[in-house]
Each structure stands twice: as C-alpha cells, then as structure tokens.
Amino acid sequence: MSAFRRLVARDLRLALRQGGDAATVVAFFVLTVILFPFGVGPEPELLRRIAPGVVWVTALLASLLSLERLFLADYEDGSLEVLALIPLPLEAQVVAKCLAHWLVTGLPLTLLAPLLALLLHLEGAAYPALVAGMALGTPTLSLIGAIGAALTLGARRGGVLLSLLVLPLYVPILIFGVGACEAAATGFAARPHLLLLAALLALALPLAPFAAAAGLRQALE
Amino acid sequence: MLRLANPARFMRLSAVLLPWFAWLAALFIAAGLVLALFIAPPDYQQGEAVRIMYVHVPSAWMASFVYAVMAGASAVGLVWRHPLADIAARAAAPLGAGFTFVCLVTGSLWGEPMWGTWWVWDARLTSVLVLFFLYLGYIALVNAFDEPTRGTRAGAILAIVGIVNLPIIKFSVDWWNTLHQPASVFRLGGPTIAASMLWPLFAMALGFTLLFAALLLLRMRTALVAARARALRLVANQDDGRAVPRAAQARLDPAR
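Keeping their order, the protein sequence lines are chains A and B. Counting from 1, position 64 in the first sequence corresponds to residue 44 in this note's numbering; the numbering is continuous, with no gaps. So the mapping is simple: this note's numbering equals the position in the second sequence, first residue as 1, plus 329.
These aren't lab readings, by the way, just hints derived from the structure by calculation. All figures in this text were calculated on a predicted structure; none of them were measured in a lab. One thing to keep in mind: the hints can contain errors.
[Stated by the list, open to error] Per label pair, the in silico range of CB-to-CB distance:
(1) W349(B) with A(-17)(A): 53 to 61 Å
(2) G33(A) with R562(B): 19 to 27 Å
(3) A169(A) with V514(B): 49 to 57 Å
(4) A360(B) with E56(A): 52 to 60 Å
(5) F430(B) with R(-15)(A): 46 to 54 Å
(6) I66(A) with A560(B): 34 to 42 Å
We treat Cβ as the ideally placed atom computed from N, Cα and C, and that holds for glycine.
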C-alpha cells in the first residue's frame, strides 16, 4: 500500500512541479466555456438551456487534453520499464496514476463547474446534480482515458488517435451527467442518473485498470 | 483451431471454401432480393417502404455479429498468439464498418418517410453510431504503429473493451422507450412478424452472413499473400546485395 501511496505522491509532485499541466487544463475549461456566450449570444434563456451540456462537454475535452501525458513521459524516459519491475502490480499502478490524474484535473474541474455554470445562468436547482454528477463522472473519465493512453503509447499521431478512441466511450457518462442536470432543472429526480453514473464508476474502477495494464504490457514488449 | 494456425493449410482450405461461400452468398442474396422486393406483401401501415427492412435489419445484425467475431478473434490472438486470429481480426474490421455504415444509411432513408426525420438521438441509433466509431478507432489504431504486431495487440485490447457496447445496442430499445421499435424477431414468445416477411428476411440475413464469410476469407488470403510477397522481396534484395553488406551476406548464405 505504501508503494501505491508513494506512486500517487510522485505523480502529484511531478504534475505540480512541472507546473502548468493542471493549470492548462483549468484554463482551457474556463476559456472554452466563456467562448459560448460569444458564440451563441448572451440571452440568459438560451444559455440556461444549454448550460449543462456546455459545461459537461467542455469538462470532457479538458480531461482529454491531459490524458496523453498520463503514461507518455514515463514511457519516453524509461521509468515505465522500471515501474513494471516493482512488486506493486501494474493494475494497481494504473489506479494510482488515474487517482493522481483525477486529483489534478477532475477535481479542479468539479470544483470550478458550478462557478462556470453560474456564468451560464444554470437553473438554481441543478447545481447539486451538476457537482455530484461531475464528482462521480470525472473519475470514470480518467479510468477510461487510461486505456486509450496506454494503447496509443508509441503510436503515430497519438494525441488525435487517443481522442478518436476515447470519445465514443465517453458518451454514456456525458448522457447521464447532462441527464442528471436537466432532470434537476426541470423538477424531476436526478437520483436515477446519478446512480447510473455511480454504476459506471463501479464498473470502470475494477475493469479499466486491467485493460490499461494489458495495454502498457504490450507497449513494453 | 490450432491446426489451422499453419498458413499453408489455411490457404488450401480457404481456396476450397471461398467459391462456395461466394456463390451461395450470391444465390441467397439474389433469392432474398426477389422475395423481398416482388413477392413479400407491402406492410399495412408502412406500404412499400417496409422493403428497406430487408437490407437494414440484416446489415444491423451483421454490424454486431462482425464486431463479436472481431473481438473473439482478438481474444484468441491475445491468449494463444494465434497468427491467423490476428489476421482475421484485422480483416474483419473494415467489413464490420461497412455493414454498420449500410445499416446507418438505410435506417436514415427509412426514417425519413416513416418517422419524418433522417436522424433522431435515440438510444439505438446513438449506440450503433458509437459502434461505427469503435470500428474506425480500431482501424486507425491498428495502422498507427510502425511495427504491425504492436498495432494488432493494441487493437485487440480495444476490441475487447468495446464489446461492452454490444449488449447496450441489443437492449437499448428495451431500456429506453423511444422512436426505434423494440425487437420483433429474436424475442421471448416468438417473432411478431408475419411468415411472408420473415422468410425473405432470413434469406437476406443468411446471404449477408455468407457474403461476410467470403469477403473475410478473401481479405485474410490477401493479407497472407501480401506478407509472403514482402518476405520474398526482402530475400530478393539480399540476393542483389543491395540491402545487406557483403559480410552479413556471407553469414546469411554460406553456400555462396
């Protein structure tokens, strides 16, 4: 367990010291959301209508932005080959790396989402559903993304390829995340949607690390 | 299955099977088309437009079936390092993408007169669209590496992960009650389609399956022949002494 903790701490330290990675993701998120009022016009009614979708889609893209770096730096400087030799199973290392990735991207996105939703005049009743949905959905984004990041190691045009692989698999999270917000905004229960998001997380948490670790192994072969 | 791993044996066997599959596919598709377009009755609600079903439904079945074949071959290739399974998975992907594309296009053409719209963001349509993107992603991933085996391994893992989409496609019409109609052929309590429409449908489905088998064998044979041609060209270059320095050449060919 201490190896797991140390790996998380190492990745967090790297992400924070190299600076910028987390900050870039957050800046991308804020700037892209702010573009929408300019793009579709500032009418509060229209913005209120599209707010959940805009926030969720932008969060999805922001999380995708940093995914390419999840294993790439370790792969290129050879530390991934050393990591593969330590007693901690590769599957657990994937979970550790996803946790670190979530802490520097998913968590800030979740905390910022209500603020940006405020700029878009989101319905008051939808805020708890938005934050709860992001908190349940963004870890799944990191976990699914880890599969794509592991598979595209060493590929030509890895970044573009990664989005092609991962975005179709993100669709269910987007549907239920936006569904929770819309349900809450129109006076229905957000709970079923949130439970489905939790179910996706419960499914991805044990399964995605196996696929990602298999991807890492074939990249190291 | 492991005896088939010998490419020479596969080439002999597939040379015998290929014409059979191809001609039977032509026969069943021709018979199915005649039955579907001229003999089957028009629908009491949909009129003549129902005949799109005889292409749409079999290609939709094939879209899922080919994905299952691709994922199954990928799993066999990963577990047993079966060379022909790898080739089969790579060969199946463009065929599956083709069937999925036909399914989406015919569905769109059918939706316009029946639902009054080319496209709805219905659960069934969306999940089939995701399937189409999974095929495209697989094809892009497999071809993204300089070393073909790496691409095949990475693609195999992706194909196995993507299999979660198949049950979603199958049950999407039961879980979400939207515009696309629920299952009417493979359901508990038997099909709800009249026999006069069911038989042409089955003839077309069988024809499509045989067509897939024939094209898959053809593509696998082509891939094997291409690999052989590549190997021969390497050997020929060595004989010319262009690619290999003289010392290495002597080591390669002690008779010279």
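Hint-by-hint comparison with the structure:
no.: 1; hint: W349(B) with A(-17)(A): 53 to 61 Å; verdict: holds (58 Å)
no.: 2; hint: G33(A) with R562(B): 19 to 27 Å; verdict: violated (53 Å)
no.: 3; hint: A169(A) with V514(B): 49 to 57 Å; verdict: violated (35 Å)
no.: 4; hint: A360(B) with E56(A): 52 to 60 Å; verdict: holds (58 Å)
no.: 5; hint: F430(B) with R(-15)(A): 46 to 54 Å; verdict: holds (48 Å)
no.: 6; hint: I66(A) with A560(B): 34 to 42 Å; verdict: holds (40 Å)
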